[in-house]
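Chains as they are written, first to last, in the working numbering: chain A, -17 to 608; chain B, 15 to 116.
Please note: incorrect hints may appear among the correct ones.
Said to hold, decoys possible - Cβ-to-Cβ under 7 Å is the rule here; a few derived chain A residues that face chain B: (1) Ser489; (2) Gly585; (3) Val587.
Stated by the list, open to error - Some chain B residues flagged as far from chain A (calculated, every beta-carbon gap over 12 Å): (4) Met49; (5) Asn56; (6) Gly70.
None of these hints come from the bench; they were simulated from the model. This structure is a prediction, so every number in the text was calculated from the model and none was measured. C-beta: ideal position from N, C-alpha, C; glycine also.
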Amino acid sequence: MNAVPWIVGFPLASSVLLGLVGARLGERTVGAIASLSVLAAFAAGLVGWSGVSATESGAIRAVLFEWITVADLRVAAALQLDRLSALLVLVVTGVGFLIHVYSTEYMRGEDGYARYFTYLNLFTASMLLLVLGANVLVMFVGWELVGLCSYLLIGFWFERPAAAAAGRKAFVVNRIGDAAFLLGICLLFVTLGTLDFAEISRALGDHPQQAVLATLPAIALLLFVGATGKSAQLPLHVWLPDAMEGPTPVSALIHAATMVTAGVYMIARLWPLFAAAPGVLTGVVAVVGAATALFAATVAIGQNDLKRVLAWSTISQLGYMFMALGVGAATSGLFHLTTHAFFKALLFLAAGSVMHAMHGVIDLRRLGGLRHAMPVTFAGFAIGAIALSGVPPFAGFWSKDEILHAAYASGQVPLWIVGTITAGVTAFYITRAALLTFTGTPADRKAHPHEAGPAMKIAMILLAVLSAAGGLIGAKFLGAPFEHYLELMFHAEAHAEAANHAAGGLSEGALIAISIVVAVLGIAFAWSLFNRRRNVTLGGLAALAARQWGLEDLYRAAIVRPLEALAIALAGRFDPGVIDGAANGIGAAFVGAGARVRAWQSGYVRRYAAGVLVSAILVLGYWLLR
Amino acid sequence: MSAVPLQAYVILSAVLFSIGVAGVLLRRTALILFMSIELMLNAVNLAFVTFARMHGNLSGQLIVFFVLVVAAVEVVVGLALIVGIFRSRETVDIDAVDALRG
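Just chain B, with the same shape it has in the complex (with noise of 0.2 Å):
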């Protein structure tokens, strides 16, 4: 039945994630950057869905729900910041925000 071999997952996987990598580093925008990281999240759930069907162990599966709960919780501190900077800053371009510059 499953004529997509395992491989095809995994590859899948690194492409996403890369995706996922090259969104928080070259945009600005601050919504798109926090879409990114959600995109490496799955990615790397992805991966460990995968490697849990190859190994036939459900460690992979039960990490993944893990890893949803902190994103859920990690969505709602990210969008919290990002509406006070917007609130503080009129904007949402992400260098624009540097007082830590040392």
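The following block holds chain A by itself, in its conformation from the complex (with noise of 0.2 Å):
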């Protein structure tokens, strides 16, 4: 029995159920379908990952049916469980399940309790078809989907203005993205006549011509700027922190662990299409990544709301993502994939913890002192901080340190700089936020803090074990079981690794060292200035960057305005003049020639007699004289 259709059917079903009775059944009736479903996939999953290392192949295939057949194209809605999507399952389903154990306790007595678990399976079953469609245009139409859940639950309290229009700015800049990511879809195809990714990296490993191998940049170009759009990485990452306006599991869920990542996942997918086009990976996508990871950073370090500095310490992970793959080191990127995942879902958590506490406050001005009425959540988040500050030994650290190893041996040393720093920024970013947040006075004192119930603690205290000891399964020491686990997907990477070791420079103790003294060294900064003073303006330079070094105010000026601007001249002027004239103006002018034209009809019979003979002496003229 094929395990794989089972993943993505679970979520989908107890969402469909959901959808249709779930608003009379109770809410603890409602949160245990919704959370077992997800189990469910989970445990389907592990019975797939199984049987993926039993084949010989190295994949397993469900083909549903047979879904496109025009001429050349042949599309199958297929499904495919190899050891990439088997990682990406179990993260998906693991961390999501721990998400819907805890959304059960956080969202009690919202109204549309239902409605959000609806959303959050579907989100789950789209995201599981994205990982798992075995050609690119199953992949699509789960990318789509996980785009829609994402607007459906950014916008979940629609009644509040800023949410409504975060979910729209969600969806339209997404938009953008995809419109690209389409493009190459289509380009793929017409240049290598197939869409599957089997027969992709088949037909690339296979001497592909050279009119082939120039298109593929083209390509690989396209694709990558569908990535941005998902990932949120320059120029489109601007609707991710409005995205925290979303309940925070959801933040937790879509925008830090799994998602957000599906355009690194998709450049992962398509490896060998990348591969082949090497100037498109080390010239766009790494300094992309590298870039945003630093930009986000900064931008970070001056933000006031707890849920937006994870928000753009979630950019700024994703950056490092794009930078490893960028520099050819796809496992270390998957490798953070999966510990991000991890540690981003616990400070998310913790703070949706805080948020509840706190009656829904969450500007770091007004919260302090926590740490006394809420030791669980103050612990998770204190690993959660550690293990984005990249210490050892917390899962960030094996990740993060990977990135940097790669980027160095890969011979691009400002890539390996930027990212150097960008973890002594992050490092300290995070210390605030915590030191802000748990330590100290509280700011108001009328709050009276609780902490959370069982069921949010057990998923912080999971994520937390797994913030903490999850870095392991990527331990060099322990033989890089993670990176060995992949090797068969990525090829590439052997050379990169070559040429590092010709290249010589600082050995890999040096780096670690490095990078370890750069994170201590941003946490020791942050807690100079932030353990005993709590009001620390940020002057000058860090509240430019905190207003995002006036980027936001650059869209809003030069696309956001000119397009409203557009938009509201259309609809006052053109609309009604031209569209509506133009439709109002053709029936007006048949309802004329109507009146006068009834006017022939009469009803005399004796009218119609003549107009008969009329007729007739007419036809007949016309026959006699031509």
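Since each chain comes alone in its own frame, lean on the hints to assemble the complex.
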């Protein structure tokens, strides 16, 4: 029995069920159905995963049906579970399950409880479809569906204008990336004649023609633009910070652990294609990733909203992943994707717990001293923060260090420098957020914060364990099992690795030492600034950074405002004047013509007879005279 | 024996037809209108017979029988209509019947 379709099937079925009858069920039932469906998907994922190792080809395929058959275009609705997709399936369902459990408590008493879980399950199913798709088109369907779910969940509290606007923004910005993705898919099909992942890699491994090779960079570039939209990289990053208007578990699941990593996954999935266009990888993907990592980290410093700090941090960490892909270290990127899913989900859940306790207050200036009231949340946030900062032996250290090492080894030292600086900045801003939230004296004495309940606690504790120890799956001294697990998928890395040993320079030990020192310096600097003094206003450069170095203002002035003005002008004059005028004018012309013609229908028989006579004479005359 | 030339029959047919047309267009009484139509039909019959004789072809005479049959049918339907109109409107003035005015 093939377990693969069930992985998508369980959450999908649950979503449909809850969507139809969820409103009539109790909260307990709804939460149980939703969580268990994801747990079932996790179990199916485990079954499939063990099956993958057993098969020779390393992949289990499940063809559901022939989807499109038009001339040369043959696309099957097919799923494929291999080592790469199995990894993502386990991360999505594993972290997703914990967040579902957390949500059952977090969302208690909210209006639309069933609606929330309907969307959340639909998201899980869509994400799994994205991950499991055996060709680019199935992946694209999942890609669009997660975008839809993201929109629905950001705007979950749609009666709040800010939430509705944030949902819209996310949707519109993603549309730009998706359009490029779609163009890339079309160009890919025209060039290679197939959309199936296995066939793509076969076609590219088989000494493709020169013309094909010449088109690959364009395809890779278009696909990468799609990835920047979904994964919030420069210049399409603007939607992610606003997406924090959604419920916090949604931020944890969609906007930290899973959906935003879809871009990274897409590039890894199409690795043969990107590896055949090395110029795009090193020249664009790596540079955009590194620039985003540093840019977003600096913006995070000055944020006063705890969730926005985490959002910018997510953008920054995604930048690391793209940088890893760019320097050819796909396994390191995926390793960071995995550990990041653990610790960033943990940080978000802890932030949600704070919000829950403080009745929606998330402004760092109004928080403080929560360490005593909420020990579990504090411990969870601290572990997540340390993991993010890259302090050994927590999860983030192993993966981030591997990326920095790969960047250095690839010979692109500027990327390594940017990455290292970012690591320091990261340690600084997350320490600031942690200190302002949990230490000092409570800013608001009237609030009576309380620790989270059992469901939220369990989710945080399990994620804390993963954040603390999860990095060991890729630890070098244990033989780097993670790397070996994915080795078969990414042959190209061997070359990068070989080049690095020839380059010489700093040894691996020195690199590790540098990254640890930078992280500790960042933490210490933040500690010295924020441990005692509460109101450290950020001056000059940091304030500018907090405003995204003016980028958001630039977008607003250069793109949003003109478009809005155009829309208003069109709606005010053009639409009623020209569009409606044309439609109404055509109608009025026919009504007027009809009013004239109807006079001919006098109703008098003799007049009709006269008409017949005249016509007969005319016809006769014509025949006689012609 | 036939001193009357064939053209005279054709001219008579045309004159009768024209009188019929004039009657249809100018008179308002339904019954007169009806009779005018009959006149037109018979003018056509006359023309048919004349031309049959002229060309030595019996088709024209044959068609006359068809026309007679159709005319009989038409009389039945037409008179029924006139009776119907008279019953509902108490008049046979054809201009009083204009319910189909647009």
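Hint-by-hint comparison with the structure:
1. Because the beta carbon of Ser489(A) sits about 99 Å from the nearest beta carbon in chain B, more than 7 Å, this interface hint is broken.
2. Nearest Cβ of chain B to the Cβ of Gly585(A): about 3 Å, under the 7 Å cut. The hint holds.
3. Contact between Val587(A) and chain B, as hinted, is supported at the beta carbon level, the nearest pair being about 5 Å apart and thus within 7 Å.
4. No Cβ of chain A approaches the Cβ of Met49(B) within 12 Å, the least distance being about 14 Å, so the stated non-interface status holds.
5. Asn56(B), annotated as away from the interface, keeps every beta carbon of chain A farther than 12 Å; the closest lies near 18 Å.
6. Under the 12 Å C-beta cut-off, the non-interface status given to Gly70(B) relative to chain A holds; the minimum distance is some 25 Å.
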